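**Student:** Each chain sits in its own coordinate frame; assemble them with the hints.
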Amino acid sequence: MPPASPKPPIPDAFRPSASIYSGSPAAVPVALGLPVMAWQAVFFLAPLVFLVVITFWQVRSFRLEPAFVLDNWTRILWSTPFHRALGHTLQVAATTTVLALLLALPLAYTIAFRLSARVRDLAVSLLVVPVFSSYMLRIYAWQVVLGADGIANAVLGAIGIPKLQLLGGAFSLQVGLLTLTLPVAVLILVFAMVGVDRTLIEAAENLGCRRAQVIARVLIPSIRPAIVLAGTTTFLLAFGDYIGPLFMTGSKPPTLSILLVDTVKSGSQWPRASVVGVSMLVILVLVFALGRLAGSVRIRRRSP
Amino acid sequence: MMTPRLARGLSRTLQYGLLCLFFAFVAMPMAVIVVFSFDANRFPSIPWGGFSLVWHEAAWADPMIREAFVNSIWVGLGTAVLSTAIGFAAAYLDFRHRFFGKRLFVFAVAIPPAVPTTILGMAMLAFVSRIGLSGRLETIVACHVAVASSFAMALIRLRLGEFGRDLEPAAWNLGASPWAGLRFVVLPFCRPALIAAFFLSAAVSFDEYMIAWFVGGVHETLPVRILNQLQGQVNPKINAIGAGVLAISLALVFLARRFTNLRPEPMHGPEPRGDSA
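Top line first, the protein sequences correspond to chains A and B. According to the numbering used here, the first sequence holds residues 129 to 432 in order. According to the numbering used here, the second sequence holds residues 709 to 985 in order.
Just so you know, these hints were derived from the structure itself, not from any lab. You may find that some hints are simply not true.
Using 25 Å as the maximum straight-line C-alpha spacing, the simulated SDA-like pairs for lysine to any residue come out as follows [what the hints assert, rightly or not]:
{"#": "1", "chain 1": "A", "residue 1": "Lys380", "chain 2": "A", "residue 2": "Gly395"}
{"#": "2", "chain 1": "B", "residue 1": "Lys810", "chain 2": "B", "residue 2": "Ala822"}
{"#": "3", "chain 1": "B", "residue 1": "Lys810", "chain 2": "A", "residue 2": "Leu173"}
{"#": "4", "chain 1": "B", "residue 1": "Lys810", "chain 2": "A", "residue 2": "Leu176"}
{"#": "5", "chain 1": "A", "residue 1": "Lys393", "chain 2": "B", "residue 2": "Asn936"}
{"#": "6", "chain 1": "A", "residue 1": "Lys380", "chain 2": "A", "residue 2": "Leu243"}
{"#": "7", "chain 1": "A", "residue 1": "Lys291", "chain 2": "B", "residue 2": "Ser753"}
{"#": "8", "chain 1": "B", "residue 1": "Lys945", "chain 2": "B", "residue 2": "His764"}
{"#": "9", "chain 1": "B", "residue 1": "Lys810", "chain 2": "A", "residue 2": "Gly423"}
{"#": "10", "chain 1": "A", "residue 1": "Lys380", "chain 2": "A", "residue 2": "Ala280"}
{"#": "11", "chain 1": "A", "residue 1": "Lys380", "chain 2": "A", "residue 2": "Pro209"}
{"#": "12", "chain 1": "A", "residue 1": "Lys291", "chain 2": "B", "residue 2": "Phe751"}
{"#": "13", "chain 1": "A", "residue 1": "Lys380", "chain 2": "A", "residue 2": "Val170"}
{"#": "14", "chain 1": "B", "residue 1": "Lys810", "chain 2": "A", "residue 2": "Val170"}
{"#": "15", "chain 1": "A", "residue 1": "Lys393", "chain 2": "B", "residue 2": "Val926"}
{"#": "16", "chain 1": "B", "residue 1": "Lys810", "chain 2": "B", "residue 2": "Trp887"}
{"#": "17", "chain 1": "A", "residue 1": "Lys380", "chain 2": "A", "residue 2": "Leu218"}
{"#": "18", "chain 1": "B", "residue 1": "Lys810", "chain 2": "A", "residue 2": "Met165"}
{"#": "19", "chain 1": "A", "residue 1": "Lys291", "chain 2": "B", "residue 2": "Val743"}
{"#": "20", "chain 1": "A", "residue 1": "Lys291", "chain 2": "B", "residue 2": "Gly757"}
{"#": "21", "chain 1": "B", "residue 1": "Lys810", "chain 2": "A", "residue 2": "Lys291"}
{"#": "22", "chain 1": "A", "residue 1": "Lys291", "chain 2": "B", "residue 2": "Asn749"}
{"#": "23", "chain 1": "A", "residue 1": "Lys291", "chain 2": "A", "residue 2": "Ile279"}
{"#": "24", "chain 1": "A", "residue 1": "Lys393", "chain 2": "A", "residue 2": "Leu218"}
{"#": "25", "chain 1": "A", "residue 1": "Lys380", "chain 2": "A", "residue 2": "Ile411"}
{"#": "26", "chain 1": "A", "residue 1": "Lys393", "chain 2": "B", "residue 2": "Gly757"}
{"#": "27", "chain 1": "B", "residue 1": "Lys945", "chain 2": "B", "residue 2": "Val926"}
{"#": "28", "chain 1": "B", "residue 1": "Lys810", "chain 2": "A", "residue 2": "Val177"}
{"#": "29", "chain 1": "B", "residue 1": "Lys810", "chain 2": "B", "residue 2": "Val893"}
These numbers were taken from a predicted model, which means no experiment stands behind them.
One chain only, chain B, in its complex shape (with noise of 0.2 Å):
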């Protein structure tokens, strides 16, 4: 027989066994990625083939990978300084604004992340190459922003809804013009989310792969340059490209979360005892 408290023991370590191996999951393949990265073995198995930086340098010396990182610098920028602009508009507009349609603005704004980029990078090329836009990098960043706006958008948004509905106002009656309010009110409040958003945004068009594949033409940016070397022949430098892109948008997720107090946050009442019950 099983007694009550060996019954509870025993859920609890599956809890937590279950959990440790989820975070296996998750940090495995990239883990996968980075050590085999300096693994001298021109393939990726076990044993290990000892410490090396020779793909790494393989991989710098690609004259088509540096291009395709200066590239994917360059639409990552663009989209991010775009992005955090837009998604500022929008997020302040929804937050002080009361307007017709305001509804249908909200929803027009979130919803491209929810449209399967397939789909979205297919629409997106014939689009663009019927106004003779297709093949440019600037074409993948107005195609990014579309999607990466909507993350923008929803940080900043959360931030403002900490921010007093009243200061504005305030400010007004104090004889501050409305763009004098934004300028030294509304957007010094929200400097950390617009950083965050900036972080964020870079790293959503650093990922993003299949608009950029759609769109690009034969400008490539470093995501479809490792798709299109995935597809042919197995190539030891991927795991090198791969740690580079990885270590870059770690960096930037990390950057974007350091500025925002994004924390699950509980409604009424104390706070769980993880050992009690």
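Same shape as in the complex, but just chain A (with noise of 0.2 Å):
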């Protein structure tokens, strides 16, 4: 093992020969880090940049070759299939933004505050499980629900209310991404909520605040990141989404997931579907940028 710094006054007994941070030899955070940095350099990074390089390649004989054109981007980023998928996708993803968010405060509330520990920790237990179980299961059942001759229907019918049609437009993508992300956003709310400071809401109470006023004054600002990130999760996954998008509404109208997906799958256009894809990123790169912004503003200003 190697000395540790040469410093004389600290007898040689009493000198740690090993800091908390690099006691270990340089050898064991290269053999460490090494596999991670590889796998996700070929396959994480490596897809990604390759997905940036083939935009400009073209498709010549049904075969994609290496080349420089801007052809493919002012085909895309000028066509009016790409400007209405777009449009919608941004409209979809900001609605259920809106609503996750309406919806997953009051309900994070109501488990941070209202429930005792124990029954809290089922709540989050049971809001962990469909997080990572099939999304895709979900949307075929609300298929079966809220179908033509569905349960919905059936259930209604026998209530008197005449056949509705739910399935097939923004109401049934609505719920079928709320599915995907409500959940999610609880969650997010449900620990931060948790986690604000019970001194800071015992002294707004104690100097005569209302629960209206604690809420809007204290547990608000103080969870405000939570609050951006949950918002920014829901339009992630939202704008993503393909398979909400694909059975309830049957791709009609395309979000851009399926206009990416249908250039795939429709031949050998990757260099288009490729040109969807990136814009896709830099979206979400500046939505997630804004999101950033709207978190650390007053953070920054609060702490000189």
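**Tutor:** See below:
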């Protein structure tokens, strides 16, 4: 083991030979770090870089060939289907974000402040399960529930309400996207709300704040970063989702994800599909940057 | 006029009501799949056609479904083993060492789940087919690991946060080599998190369809098989496959939860009392 820094005043016996951070030889971090770095470089970073690269390639007689043409970009960015899909996807994702936040805030509040610690843990468990289990199947189940002869119409019919067309519109799409996003948003907000310093809330209550004032003046400001995180995560999930729009609206109108998959599957137009993919990534990066800005402004002002 | 007491009661009833509706909303799709998988009717509708195992048997007898199931098991196992190993290495590196570019390193490991799998799947397909690896089960594993290792790292890093920073240096001072310290001090402490990471990465892989769909070629995992069946004609076997998939996912996630202490913790002061105020 290499000796630590040679400072004479400390007798050898009392000098720690290993510091908390880097007591082990440099070979250890290198050996541990290399596999992770190599894996992410080959199977995550390289594909994304390659995605950007092939937006400039061209397809000749159904074969992808290295080139440097801007044709793919101009064709996609100036095309009407792309504009329609872009507008539709942005609008849908924004709607989901607003709905998810409006619903998740009171839900998380009830879970964090009304339930006892034990019941709250159970609720959190029940929410972790759907986040990691098949979204595709749940979308299929909503088709069964909301279909023309589905369960919802059967129940409505039993109480005398005529058949509604529930599937295939904005309503069913939001049902699908909220299935995906709402549990995540609620979880993020529950963790943030439970983590809020109780003494702050008590102080506000002792100073005579009503509950509504406590929520508006203490709770919401102190979990603002989490609200922004819940919002951006919801936007991200809804914006990139393929299954929800595919099955809940039958791809009418198509979203960017559907446009991307169709372009890939319909032949060898990978460069154009990549343009769609890269554009989506750019939009998501912009949304996250805006979110970061929105989440950090106030905090910086508070701590000079 | 509403008295404050009545208003409070009303507000609380609304809150609990909303919460119940929310959990019904979360549970309903899963319940629908399970209930109709035991329905004798060909198409899921009300009224229920009576209890039957016919679709479960039909699904199990379908060779394509069985093959997809076996593929999913291998992909899930491979992903779980590799993600846990890689996730541990990344978490330990972040916990123990200071090095140039550390923040970038942590960011790079954490970011893959934030990229929509539609885009990631397309990018991975383009890349692996260029290097001649597309259409293999091993490739699905490799691509799943890139996403699942983020979750593994997060879980293990959380556990390491509770680990005494000076325990390992103490072991070194007592003459343990860094590898021995890792093997006999750090790994045993992390065991529950490692087990949880294993099950969670398996669950992530078991449900992932876009990447597997893009890079798998003719090799279908179970969710890919379901996706392909959903896009074809209505198939009464779907509910039965779905019930099986849900059962496995739920088991994996519950096992993962069992080994983590992932619960929201209050920062300071007493817990709020549900019924006060």
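**Student:** Run every hint past the structure and note whether it holds.
**Tutor:** Taking the hints in turn, this is what the structure says about them:
1. Lys380(A) <-> Gly395(A): holds, 21 Å
2. Lys810(B) <-> Ala822(B): At roughly 19 Å apart (the allowed maximum being 25 Å), Ala822(B) and Lys810(B) satisfy the hint.
3. Lys810(B) <-> Leu173(A): Within the cut-off at roughly 17 Å; holds.
4. Lys810(B) <-> Leu176(A): The hint holds at about 21 Å.
5. Lys393(A) <-> Asn936(B): holds, 13 Å
6. Lys380(A) <-> Leu243(A): violated, 42 Å
7. Lys291(A) <-> Ser753(B): Given that 25 Å is the threshold and the Cα spacing comes to 15 Å, the pair holds.
8. Lys945(B) <-> His764(B): Since the Cα atoms of Lys945(B) and His764(B) sit roughly 7 Å apart, the hinted pair holds (cutoff 25 Å).
9. Lys810(B) <-> Gly423(A): holds, 24 Å
10. Lys380(A) <-> Ala280(A): This hinted pair holds, its Cα atoms lying about 22 Å apart.
11. Lys380(A) <-> Pro209(A): holds, 12 Å
12. Lys291(A) <-> Phe751(B): holds, 19 Å
13. Lys380(A) <-> Val170(A): violated, 36 Å
14. Lys810(B) <-> Val170(A): holds, 19 Å
15. Lys393(A) <-> Val926(B): holds, 14 Å
16. Lys810(B) <-> Trp887(B): Measuring from Cα to Cα gives roughly 22 Å; hence the hint holds.
17. Lys380(A) <-> Leu218(A): holds, 15 Å
18. Lys810(B) <-> Met165(A): Holds - the C-alpha atoms of Met165(A) and Lys810(B) are around 12 Å apart, at most 25 Å.
19. Lys291(A) <-> Val743(B): Between Lys291(A) and Val743(B) the Cα gap is close to 23 Å, so the pair holds against 25 Å.
20. Lys291(A) <-> Gly757(B): Since the Cα atoms of Lys291(A) and Gly757(B) sit roughly 22 Å apart, the hinted pair holds (cutoff 25 Å).
21. Lys810(B) <-> Lys291(A): violated, 59 Å
22. Lys291(A) <-> Asn749(B): With a Cα-Cα distance of about 22 Å, the restraint between Lys291(A) and Asn749(B) holds, given a limit of 25 Å.
23. Lys291(A) <-> Ile279(A): Since the Cα atoms of Lys291(A) and Ile279(A) sit roughly 11 Å apart, the hinted pair holds (cutoff 25 Å).
24. Lys393(A) <-> Leu218(A): holds, 23 Å
25. Lys380(A) <-> Ile411(A): Answer holds: Lys380(A) to Ile411(A) is near 22 Å, not above 25 Å.
26. Lys393(A) <-> Gly757(B): Violated, because 39 Å separates the two Cα atoms, which is more than 25 Å.
27. Lys945(B) <-> Val926(B): holds, 21 Å
28. Lys810(B) <-> Val177(A): holds, 21 Å
29. Lys810(B) <-> Val893(B): holds, 24 Å
When the structure is compared with the earlier hints, violations turn up for hints 6, 13, 21 and 26 and for no others.
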